[in-house]
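Use these hints to put chain B with the ligands onto chain A, whose structure you have.
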Amino acid sequence: MKTQWKAWLYLLPAVAFLGVFMVYPLVDVLVYSFEEGYNFASQSYSGVGLFNYSYVLHDPYFLQAVKNTFLIVIITVPLSTGLALLISLGLSSIRKLRDLFQTVFFLPYVTNTLAVGLVFMILFKKTAYTDGMVNLLIQFFGGTGVDFIEGPYWAKMFVMCFYTIWVVMPFKILILTSALASVNQVYYNAARIDGTPRWRMFTRITLPMISPMIFYLVITGFIGAFKAYSDEVALFGTNLNAAGMNTIVGYVYDMLYGNSGGYPSFASAAALILFAIVFTITCINLLISRNNVQY
Amino acid sequence: MKLVLDQLTKTFPNRNKKGPDVVAVNSFTFEIPDGTLVGLLGPSGCGKSTTLNLISGLERPTSGRILFGDEDVTELPPENRGVGLVFQNYALYPHLTVRQNILFPLQNLKGDARPSKEEMLRKADEAARLVQIDWLMDRKPSELSGGQQQRVAIARALVKMPRVLLLDEPLSNLDARLRLQTREEIRRIQRETGITTIFVTHDQEEAMSISDLIVVMSDGVVQQIGPPQSVYDHPDNLFVAKFLGTPPINVFTGEVKDGWLTLGEDRVLKLQGAPEGAVTVGVRPEGFRIDAEGPFRCGLKAVEVMGRDTSVVGTHPACQSETFRGIIPSEDRDGAAGDTVRFSLKPNKIHLFDPATEAVLRDWSVAP
Ligand SMILES: Nc1ncnc2c1ncn2[C@@H]1O[C@H](COP(=O)(O)OP(=O)(O)O)[C@@H](O)[C@H]1O
Ligand SMILES: [Mg+2]
Numbered sequence: 000m001k002t003q004w005k006a007w008l009y010l011l012p013a014v015a016f017l018g019v020f021m022v023y024p025l026v027d028v029l030v031y032s033f034e035e036g037y038n039f040a041s042q043s044y045s046g047v048g049l050f051n052y053s054y055v056l057h058d059p060y061f062l063q064a065v066k067n068t069f070l071i072v073i074i075t076v077p078l079s080t081g082l083a084l085l086i087s088l089g090l091s092s093i094r095k096l097r098d099l100f101q102t103v104f105f106l107p108y109v110t111n112t113l114a115v116g117l118v119f120m121i122l123f124k125k126t127a128y129t130d131g132m133v134n135l136l137i138q139f140f141g142g143t144g145v146d147f148i149e150g151p152y153w154a155k156m157f158v159m160c161f162y163t164i165w166v167v168m169p170f171k172i173l174i175l176t177s178a179l180a181s182v183n184q185v186y187y188n189a190a191r192i193d194g195t196p197r198w199r200m201f202t203r204i205t206l207p208m209i210s211p212m213i214f215y216l217v218i219t220g221f222i223g224a225f226k227a228y229s230d231e232v233a234l235f236g237t238n239l240n241a242a243g244m245n246t247i248v249g250y251v252y253d254m255l256y257g258n259s260g261g262y263p264s265f266a267s268a269a270a271l272i273l274f275a276i277v278f279t280i281t282c283i284n285l286l287i288s289r290n291n292v293q294y
Numbered sequence: 000m001k002l003v004l005d006q007l008t009k010t011f012p013n014r015n016k017k018g019p020d021v022v023a024v025n026s027f028t029f030e031i032p033d034g035t036l037v038g039l040l041g042p043s044g045c046g047k048s049t050t051l052n053l054i055s056g057l058e059r060p061t062s063g064r065i066l067f068g069d070e071d072v073t074e075l076p077p078e079n080r081g082v083g084l085v086f087q088n089y090a091l092y093p094h095l096t097v098r099q100n101i102l103f104p105l106q107n108l109k110g111d112a113r114p115s116k117e118e119m120l121r122k123a124d125e126a127a128r129l130v131q132i133d134w135l136m137d138r139k140p141s142e143l144s145g146g147q148q149q150r151v152a153i154a155r156a157l158v159k160m161p162r163v164l165l166l167d168e169p170l171s172n173l174d175a176r177l178r179l180q181t182r183e184e185i186r187r188i189q190r191e192t193g194i195t196t197i198f199v200t201h202d203q204e205e206a207m208s209i210s211d212l213i214v215v216m217s218d219g220v221v222q223q224i225g226p227p228q229s230v231y232d233h234p235d236n237l238f239v240a241k242f243l244g245t246p247p248i249n250v251f252t253g254e255v256k257d258g259w260l261t262l263g264e265d266r267v268l269k270l271q272g273a274p275e276g277a278v279t280v281g282v283r284p285e286g287f288r289i290d291a292e293g294p295f296r297c298g299l300k301a302v303e304v305m306g307r308d309t310s311v312v313g314t315h316p317a318c319q320s321e322t323f324r325g326i327i328p329s330e331d332r333d334g335a336a337g338d339t340v341r342f343s344l345k346p347n348k349i350h351l352f353d354p355a356t357e358a359v360l361r362d363w364s365v366a367p
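Just so you know, the protein sequences line up as chains A and B, in that order.
Per numbering that gives the first Met the number 0, the first sequence starts with residue 0, numbered consecutively.
Per numbering that gives the first Met the number 0, the second sequence starts with residue 0, numbered consecutively.
The set of hints was computed from the structure by calculation and includes no laboratory data.
Heads up, none of these hints are tricks.
Just a sample of chain A residues kept apart from chain B, beta carbon distances all over 10 Å, derived:
1. Phe140
2. Val217
3. Leu271
Chain A residues, not near chain B, derived (Cβ > 12 Å throughout):
4. Pro12
5. Phe20
6. Val30
7. Ser53
8. Leu106
9. Pro151
10. Gly236
11. Ala241
12. Ala242
Each pair of labels, with its calculated beta carbon distance range:
13. A/Val185 x B/Thr245: 25 to 33 Å
14. B/Arg113 x A/Gln138: 50 to 58 Å
15. B/Thr28 x A/Pro196: 29 to 37 Å
Every residue gets a Cβ at the ideal spot worked out from N, C-alpha and C, and that includes glycine.
Here chain A stands alone, though its shape is the one from the complex:
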């Protein structure tokens, strides 16, 4: 009994901190999202109901943001995880170069988002002086250039996904190379003695052994991609609605502080919808991983 009391005492700072900075705002957001006709200046509201949700769900900007977010999630999470796995496999098979390459691949991770954004500008943006390096390449091979930053939707989405993958890869590579290195060599030796083909070694030994890490990356990848916002700003500027590249978090931010800002109720409703989506997907992920991660 006494030890339990002590345990709670030790937990108190963390619990208090979480309560003040996590639980209270969450509850507050929940309350806001149901208050209709909230007036920022007078801090008063006209009624309680689902109008905020209905408004947000019918707002074309929000629907565009949802579409963009889902596209980014569906394209970047599998691609970045798969690519990171390929690169990690390559890295672990060349022992000597591993350290050097790990540094190179990790550079984007320690570099400021906006700095990486600048690099992408140089690669993709059309200015008065140049069409951007990628367009120069396309033109060199006889294609016609595209304005990736202010051009068609698919081009912007391409740059957006490219950028997102670029930014999240280093972390994934780091995690996967260490996961690969932690697989006991003795399993590979046993498999070699038994004449296991390379591909089978990968699917039957390597993959199951690192599957907990892969699922970790997929789950955190989903959550991270759903929360995408700053990368979009780095590429397309702050007026994301105009660029047609807004995300759900971007929409929430705009509702609070943007040009059309001052609508905490709409922002709260949008945030809770995002929460519901992320929560559902994470639950599905966990269910799948429980049935597939093998130990």
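Here is chain B with the ligands on its own, set in the frame of chain A:
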């Protein structure tokens, strides 16, 4: 399958780049007849695992050749050698069930060698029955005891009917009782399958009890090869004599003077043909006989009754360690009382070694 190792040598570069290379296995030459169970014996770090890895193909030899029957396999990768290897920590795939683990080697086979699905299952069941784990087929390795895991590892190594079966310290992770039982199992399985088997251990008793042949190694060099009893009775050098036998052999600093083997002040045995001069003397514990008139006069430290036998702990000035230990039948125990005790020594339990080279001296006999 007859197995021939010819001048097999493996050196590893030193961790410290400037240091000399580590010679893990040095000119290992040995021909193992078909169907024998060989115990490879030696202290930790003497190159036993390296030898197995060379035979299995996981390591490539620095020089020398390996032949399975008449086929030179030195250059073959492990998958083409047809060996089964049981790793020291078993290396069972933790995410696969026992059945999937045992099936794994079969599923790797290609073309004509690949059995049908039913055939594979039948073979896996057969292997599991051989090691008596057929009732555990659907468990994961983490749900098995050490002894059961070990059997699964053996079944996995056996299921593809290897030409040579290699076991690296298969018993070291088991408790004492299970060890006794499992080593008999290994013997039985080897007999039933007739597969040439090499089994590594640092425990001399294990190797002695089940092997047809034992190979004693030290520092990468083979010290002696032969049937267990003959190696025990006729060690080639002091290392082998010390390494085999529990309790270990007692070592004395002695001298051959005027044809008498002399330990300290005591002239214990009249010899014929032994060179005069200093000599290292090994006496097996069972070589002591309590004898009130015996020539070997010792201090008596302790008498430990162990049932059928009694262990006598004594002191003697010529002894190289503080005490020596003799094993006598318990009915002779009455002779061991007081502060001193006298023994006579059984000549066939005495070994003489050159003090400089530690090689055994053979050309002597007891004078009539
Ligand atoms: N991969 C390696 N690199 C360097 N030295 C090694 C390697 N493997 C083994 N050795 C050395 O070779 C010697 C024999 O090792 P090993 O065969 O594992 O001994 P044992 O199995 O008899 O205990 C040891 O001195 C060990 O340090
Ligand atoms: Mg070893």
